[in-house]
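Q: One-letter residues, chain by chain:
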Amino acid sequence: MTAPGPESLGMQASAGDRATAGRRRSRAHRLAALVPRTEWAYRPRIAATAFIIVTQVFLYVLLWRALYGEGDDTVAGMDVTQAVTYSVLATLMGTGRVIMEGASQETAQSKIRDGSVVFWFTRPVSARRYCAWRGLGESLYATTWLLSGLAIGLATGLVAAPPSAAAASVATLSYALGQGVFYHLALLVDLTSFWTITSFGINRLAAFAQTLLSGALIPLWFFPSWFTAVSGHLPFSATVHVPVSLYTGRIAAADAWPQLLEQAVWCLLLAAVGRLVWRRAARRLLVLGG
Amino acid sequence: MSPMSAMPPSPRSGHVKPLVPESPVRRPVGRMRLAAVILRAGVRSQLANRADFAMAIANGVTYQVTVLLFATVIFGRFPSLAGWGVGEVLLINSIRMLGHGLYMLFFGNLGLLPHLLRDGRFDAFRTRPAPVLLQVFTYEAPVNAVGDLVVACASLSVCLSLLDVEWTVGMVAFLLAAVVGALVIELGLNLHIAALVLRFRGSESLFFWLDSVSGTFGNYPLGLFPWVLQGAFTFVLPIAFAGFYPAAWLTGHADTAPFSAALAFAFPAVAAALLWSGLAWWRRGVAFYARNN
Numbered sequence: 001m002t003a004p005g006p007e008s009l010g011m012q013a014s015a016g017d018r019a020t021a022g023r024r025r026s027r028a029h030r031l032a033a034l035v036p037r038t039e040w041a042y043r044p045r046i047a048a049t050a051f052i053i054v055t056q057v058f059l060y061v062l063l064w065r066a067l068y069g070e071g072d073d074t075v076a077g078m079d080v081t082q083a084v085t086y087s088v089l090a091t092l093m094g095t096g097r098v099i100m101e102g103a104s105q106e107t108a109q110s111k112i113r114d115g116s117v118v119f120w121f122t123r124p125v126s127a128r129r130y131c132a133w134r135g136l137g138e139s140l141y142a143t144t145w146l147l148s149g150l151a152i153g154l155a156t157g158l159v160a161a162p163p164s165a166a167a168a169s170v171a172t173l174s175y176a177l178g179q180g181v182f183y184h185l186a187l188l189v190d191l192t193s194f195w196t197i198t199s200f201g202i203n204r205l206a207a208f209a210q211t212l213l214s215g216a217l218i219p220l221w222f223f224p225s226w227f228t229a230v231s232g233h234l235p236f237s238a239t240v241h242v243p244v245s246l247y248t249g250r251i252a253a254a255d256a257w258p259q260l261l262e263q264a265v266w267c268l269l270l271a272a273v274g275r276l277v278w279r280r281a282a283r284r285l286l287v288l289g290g
Numbered sequence: 001m002s003p004m005s006a007m008p009p010s011p012r013s014g015h016v017k018p019l020v021p022e023s024p025v026r027r028p029v030g031r032m033r034l035a036a037v038i039l040r041a042g043v044r045s046q047l048a049n050r051a052d053f054a055m056a057i058a059n060g061v062t063y064q065v066t067v068l069l070f071a072t073v074i075f076g077r078f079p080s081l082a083g084w085g086v087g088e089v090l091l092i093n094s095i096r097m098l099g100h101g102l103y104m105l106f107f108g109n110l111g112l113l114p115h116l117l118r119d120g121r122f123d124a125f126r127t128r129p130a131p132v133l134l135q136v137f138t139y140e141a142p143v144n145a146v147g148d149l150v151v152a153c154a155s156l157s158v159c160l161s162l163l164d165v166e167w168t169v170g171m172v173a174f175l176l177a178a179v180v181g182a183l184v185i186e187l188g189l190n191l192h193i194a195a196l197v198l199r200f201r202g203s204e205s206l207f208f209w210l211d212s213v214s215g216t217f218g219n220y221p222l223g224l225f226p227w228v229l230q231g232a233f234t235f236v237l238p239i240a241f242a243g244f245y246p247a248a249w250l251t252g253h254a255d256t257a258p259f260s261a262a263l264a265f266a267f268p269a270v271a272a273a274l275l276w277s278g279l280a281w282w283r284r285g286v287a288f289y290a291r292n293n
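Chains as they are written, first to last, in this note's numbering: chain A, 1 to 290; chain B, 1 to 293.
The hints are simulated quantities; they were obtained by calculation from the structure and are not laboratory data.
Heads up, a few of these hints could be off.
A few chain A residues facing chain B, derived, Cβ under 8 Å [claimed, not checked]: (1) 62; (2) 67; (3) 204; (4) 211.
Among chain A residues calculated to face chain B with C-beta under 8 Å, some are [to be verified]: (5) 42; (6) 44; (7) 48; (8) 52; (9) 59; (10) 196; (11) 197; (12) 200; (13) 201; (14) 202; (15) 205; (16) 208; (17) 217; (18) 222.
Keep in mind it's a predicted model, so treat the numbers as computed, not measured.
Glycine residues also receive a C-beta, built at the ideal position from the N, C-alpha and C atoms.
Chain A with its partners taken away, still in its complex shape (with noise of 0.2 Å):
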């Protein structure tokens, strides 16, 4: 069946439901808890997700200290210290993220294979804003352990602390607008399946380009210097890329502007291009099994 539209199905407040909207909003913040508490619910997956981390921050270490050598050389621009605390940085970053999309189920995609996105839209919350506050604890979640390993690394001498505090301060407000690139980039990909039902295909390429052209796979320095360029100007590599570059110094803090400005826009011209598609999904809304 084709749902109607977006009016009468909570998208915007009825004059009813206006009386009591200061206290939804006040509320709404909760759905923030929804995916750590989720994730408590199944112990394992915080020790199987622990045990990833460990592992392979410890493989990938070893890996770029292996490639480097004895020899104190700079390849790329980078010394070993900065690849491996690059190393590290992006694969926190990036597994943790991975395993999360793979284990939670609130998605489009297996919403609409199963009927059950006609919630989104019952709710007193629009379906937009339940989806930013639960991205919202994603991300927080991710954040988490992000800080946790970055706390062991530096603790057990495998990551570098950033050259200055101004580095320190410029990495974090660059990570803060890198989760925000890459919440709407994954929001953008995810709502595809409102016109083709099934997205796996998609997600999967969108994975793809995310884990070579943000870095989180091969420091983007490696590459060829037209591609390093390139990929530097997508939205993938304000991610991690930029950020993990800022911390370890590879980008000097001084010249840090024009990326955080970069990110700033990219964040700006997703955000509103997600609002678009959440406009038109809602209106073609195809509700399976119901």
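Fit chain B to the known structure of chain A by using the hints.
A: Here is chain B on its own, set in the frame of chain A:
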């Protein structure tokens, strides 16, 4: 209705007597035809969404391209890889990727176990008179394995053009055995993880972990890594037998292999042991699941 419900009673299930013992589907040829029917139905169902079908094939390609790119970038920046040439390292890659492509083709659906559990399909499998594992393997047409195999074959042909090796019949047979070994090793390791998933819900990310670790670290000469990793990839998570050790013999590097040159010939034993242990774990996992669900 799933095509598997048309499956005849398995001789191993015991409790359902076939009405017509000489029914043609009970003969091996009949089973092959049945498998072909299931595969055709699976492909048709995936063709329902053409774009997604094309992308599923493309995905096999893209994933393996990432692996190759990683290797290429590493090569470009760090040319000396423990004394191995590009063609030689590509042989490690090719053996592992061919094994992986074949694994995805025949057994890749094992990775869908978490979804089967969540959707309740696994419970339906347990009520049917056919081996549960067979039903898992034939659940969906493995379209993206085609992409995996395309890249693996491309990698092998590039590698063969770069290698300066006189291929004898024995070496070709060894190479084929090595690919089968890589397939069985991957199956054995994934069966262990599947058993864990049956026991500990939420541990499914270990499938991703194994794929990622063997995709990233299974492609290099073992001598590149410090001894901790050499030991780990030989004795703990033996992915070195799914590429490195057989390739070491084929390229004449066996004498420089860590631990012992004889390990180049150990992959059939390692694969058999892993498969045996994996099946034992799987059976215990299913038994645990049956007791607790």
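Q: Regarding the hint that residue 59 of chain A lies at the interface with chain B, is the smallest CB-CB distance below 8 Å?
A: 6 Å, holds
Q: Given residue 200 of chain A was flagged as interface, is its beta-carbon under 8 Å from a beta-carbon of chain B?
A: 6 Å, holds
Q: Can residue 202 of chain A be said to touch chain B, with a Cβ gap under 8 Å?
A: The hint holds - residue 202 of chain A has a Cβ within 8 Å of chain B, the shortest such distance being about 6 Å.
Q: Given a cut of 8 Å on the nearest C-beta pair, is the interface hint for residue 208 of chain A held or broken against chain B?
A: 4 Å, holds
Q: Against chain B, with CB atoms and a cut of 8 Å, does the hint on residue 197 of chain A hold up?
A: Given a least distance of 6 Å, the restraint on residue 197 of chain A holds.
Q: A closest beta-carbon separation below 8 Å is what the hint needs, so does residue 67 of chain A meet it against chain B?
A: For residue 67 of chain A, the interface hint holds, since the closest Cβ of chain B sits about 5 Å away, which is under 8 Å.
Q: Hint check: is the beta carbon of residue 44 of chain A less than 8 Å from a beta carbon of chain B?
A: 4 Å, holds
Q: Any CB of chain B closer than 8 Å to the CB of residue 204 of chain A?
A: 4 Å, holds
Q: Hint residue 201 of chain A vs chain B: min CB-CB distance below 8 Å?
A: 3 Å, holds
Q: Can residue 48 of chain A be said to touch chain B, with a Cβ gap under 8 Å?
A: Residue 48 of chain A check passes; min Cβ-Cβ to chain B is 5 Å, inside 8 Å.
Q: Just to be careful: measuring from the Cβ of residue 205 of chain A to every Cβ in chain B, is the smallest value less than 8 Å?
A: 6 Å, holds
Q: Are residue 211 of chain A and chain B close enough, Cβ to Cβ, to be under 8 Å, as the hint says?
A: 6 Å, holds
Checked against the numbered hints above, the structure violates none of them.
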